[in-house]
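Peer 1: Chain residues, written in single-letter form:
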Amino acid sequence: MMPAAAIRNLLLRRLLQLLLMAWAIGTITFVLVRSLPGDMAYRIAAERYGDDAITTAAAASVRQELGLDVPAWQHYLNWLLELVQLNLGNSLVSGDPVIHNLQHQLSYTLALVFAGLLVSLLLAIPIGLLAGFKANRGADHLSLLASTLIRAQPVFSVGLLLIFLLAMNIQWLPVAGFGELKHLILPALTLGICMAAVSSRIIRNSTVDVTRSAYYQFARVKGLSRWHTFVHHGVRNISVPVVAYLGIQTVMLIEGVIMIESLFAWPGIGHALSHAIFSRDVPMIQGAALLMGMLFVVINALVDAICLWLDPRLQLSASTSNNASPTNSTGKKTAQEASL
Amino acid sequence: MRLINTVTRRQWLGTAILLVLVLFAVLEGLFGSADPARQQLMNRFLAPSAEHWLGTDQFGRSNLARMGEAVRLSLLLAVMCVVTAASLGIGLGVVAGWRGGWTDKALNFLVTTVLALPGLVLVLLFAAIVPGSFVMLYVGIAITLWVEYFRLVRAITQQRMQSPQLQASNMLGFGRWYLFKRHIWPGLASQVFTLMAFGAASAVLAMAATGFVYVGLKPPTAELGLMIVELFPYYAEAPWVLAQPLVALFLLILGCNLLASKPS
Chain A
1 MMPAAAIRNL LLRRLLQLLL MAWAIGTITF VLVRSLPGDM AYRIAAERYG DDAITTAAAA
61 SVRQELGLDV PAWQHYLNWL LELVQLNLGN SLVSGDPVIH NLQHQLSYTL ALVFAGLLVS
121 LLLAIPIGLL AGFKANRGAD HLSLLASTLI RAQPVFSVGL LLIFLLAMNI QWLPVAGFGE
181 LKHLILPALT LGICMAAVSS RIIRNSTVDV TRSAYYQFAR VKGLSRWHTF VHHGVRNISV
241 PVVAYLGIQT VMLIEGVIMI ESLFAWPGIG HALSHAIFSR DVPMIQGAAL LMGMLFVVIN
301 ALVDAICLWL DPRLQLSAST SNNASPTNST GKKTAQEASL
Chain B
1001 MRLINTVTRR QWLGTAILLV LVLFAVLEGL FGSADPARQQ LMNRFLAPSA EHWLGTDQFG
1061 RSNLARMGEA VRLSLLLAVM CVVTAASLGI GLGVVAGWRG GWTDKALNFL VTTVLALPGL
1121 VLVLLFAAIV PGSFVMLYVG IAITLWVEYF RLVRAITQQR MQSPQLQASN MLGFGRWYLF
1181 KRHIWPGLAS QVFTLMAFGA ASAVLAMAAT GFVYVGLKPP TAELGLMIVE LFPYYAEAPW
1241 VLAQPLVALF LLILGCNLLA SKPS
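Chains as they are written, first to last, in my numbering: chain A, 1 to 340; chain B, 1001 to 1264.
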């Protein structure tokens, strides 16, 4: 059982993150709204009703609807207030409620995220363990080389290479589109491979540390079989740094989702975000960025919870100080270094 | 000499790769005569030749000139972002770790806010404010990068402030700059360098990503991510042209990553 203090700490920290995230996005999108060129009301009316149908009345109604007729600070407060009430407004381009669009897109993004995570675990765990148990031998060097080569490419380059390889040359899979399961394979594979390139090295390093530790050697010496030692003394200890690192990988995950959705025309939130930015659809930008941020916070919170469950030592430190963050980003650097 | 001895083989390789790219970018800028934006529709997708070393693209533009411009742009952005982020992060980190109190709290609040969002989302939002602006990309990327330096420097400064050596120097009346240079900086230097190399890779990647999702720099600018997405439809017609920005991006990031690697 996890102590309540640890859980409360975790939730409070993530709640603070959620608020800060919403505030940052709200502020930037507010600047965005104020900096649209020309008379905004006319511009938006033109987008909404077509260039020929703009009248002063239409512009005035837009002005009133978006609160453009008040001073900037008041507009800002109204803007944040609406955000807090999750009143995200209507898309400037299609006029549909933003929430409605996002609900559709969220399911696609979640499908991609879970499939990508699954692929990355299926790849990283066996490769990482193999490289860890055969450290500094052929398999290990090979996995290091592969990981280095993949990490030197942006996610979309990996996706393009997979398209050339699997969809164009041997035509196994469709290049883009959505609706059927086979359309999910290439995007998920791209995401999974990119994440596994990093996490397989983390698993490898963690495995090396654990198998060389005194308690692990002792378990072997006292007569436990390799398998028993691994199950009883290895798995949990190996997974602690690996899961902690997952929290840092959520940044990679979210960024990867944005690029992959654009590449494969996958109708998720990342695709919506880049489209909205391209067409300067501010409410849609705000909604999509907000949802991306929420996804980020929720995944981080889940990773925190798993860390607490795996490593009870964190619960102790969490109840004595509020400084226990299993996934603080100083881990990022050490993890990156460790992976090389 | 000491510096040279501690450089690993991987770091040499990374340095060499980056040097080649810098040389290419500079020499092309100095001696290249072709205009990267000049279209010659009769000359679409020419294979590499004596006249067009790297061939031509879908509008018959010289790909040598375009690659030169794109690599220069990426390198310039990387250097600008890394220098800004490093000086900002180190400066504020030392102040926060040294002063403590409300300065520390305020700066930490700022950092927590930046970290509440994935970096690319922040960069995309900044790119949205002024479309096609190099400066906005630079500002957005620098803002996401400085946080790492700040956290590192603050932690080390706090720890060093407690050390007997620093306190002794302080009591002997040495100035702040001396204290920083003698007692704090030596513990930071190598880690800051690692962060800078990683940061350069992140900056290059972030600009390419914004170009790739088509919200970064606008055509006809030659930018690696933008070139990839523009050339992608012509994959079957001219794979060698599409390969060039992909390879350049790969080499840039590989070079930085190798440079950042530590002896194991």
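Hints listed in this document are in silico derivations from the structure and should not be mistaken for laboratory results.
Careful: at least some of the hints might be erroneous.
Said to hold, decoys possible - Quick look at which bits of chain A chain B covers, simulated, 3 or more residues with Cβ under 8 Å:
1) 70-82
2) 90-100
3) 109-117
4) 144-153
5) 216-227
6) 250-263
7) 288-301
Stated by the list, open to error - A few chain B residues that don't get close to chain A, going by computed Cβ distances all over 10 Å:
8) Gly1091
9) Pro1118
10) Leu1249
Unchecked claim - One-sided excerpt, in silico: chain B residues whose CB lies under 8 Å from chain A:
11) Leu1107
12) Asn1108
13) Thr1112
14) Leu1125
15) Ile1129
16) Ala1209
17) Phe1212
A virtual CB, placed ideally from N, CA and C, is assigned to each residue, including glycine.
Peer 1: Confirm or reject each hint.
Peer 2: Structure-based check of each hint:
no. : hint    : result
1   : 70-82   : violated (count 0)
2   : 90-100  : violated (count 0)
3   : 109-117 : violated (count 0)
4   : 144-153 : holds (count 5)
5   : 216-227 : violated (count 0)
6   : 250-263 : holds (count 8)
7   : 288-301 : holds (count 5)
8   : Gly1091 : holds (19 Å)
9   : Pro1118 : violated (4 Å)
10  : Leu1249 : violated (6 Å)
11  : Leu1107 : violated (14 Å)
12  : Asn1108 : violated (12 Å)
13  : Thr1112 : holds (6 Å)
14  : Leu1125 : holds (5 Å)
15  : Ile1129 : holds (6 Å)
16  : Ala1209 : holds (6 Å)
17  : Phe1212 : holds (5 Å)
Consistency note: the structure conflicts with the earlier hints numbered 1, 2, 3, 5, 9, 10, 11 and 12.
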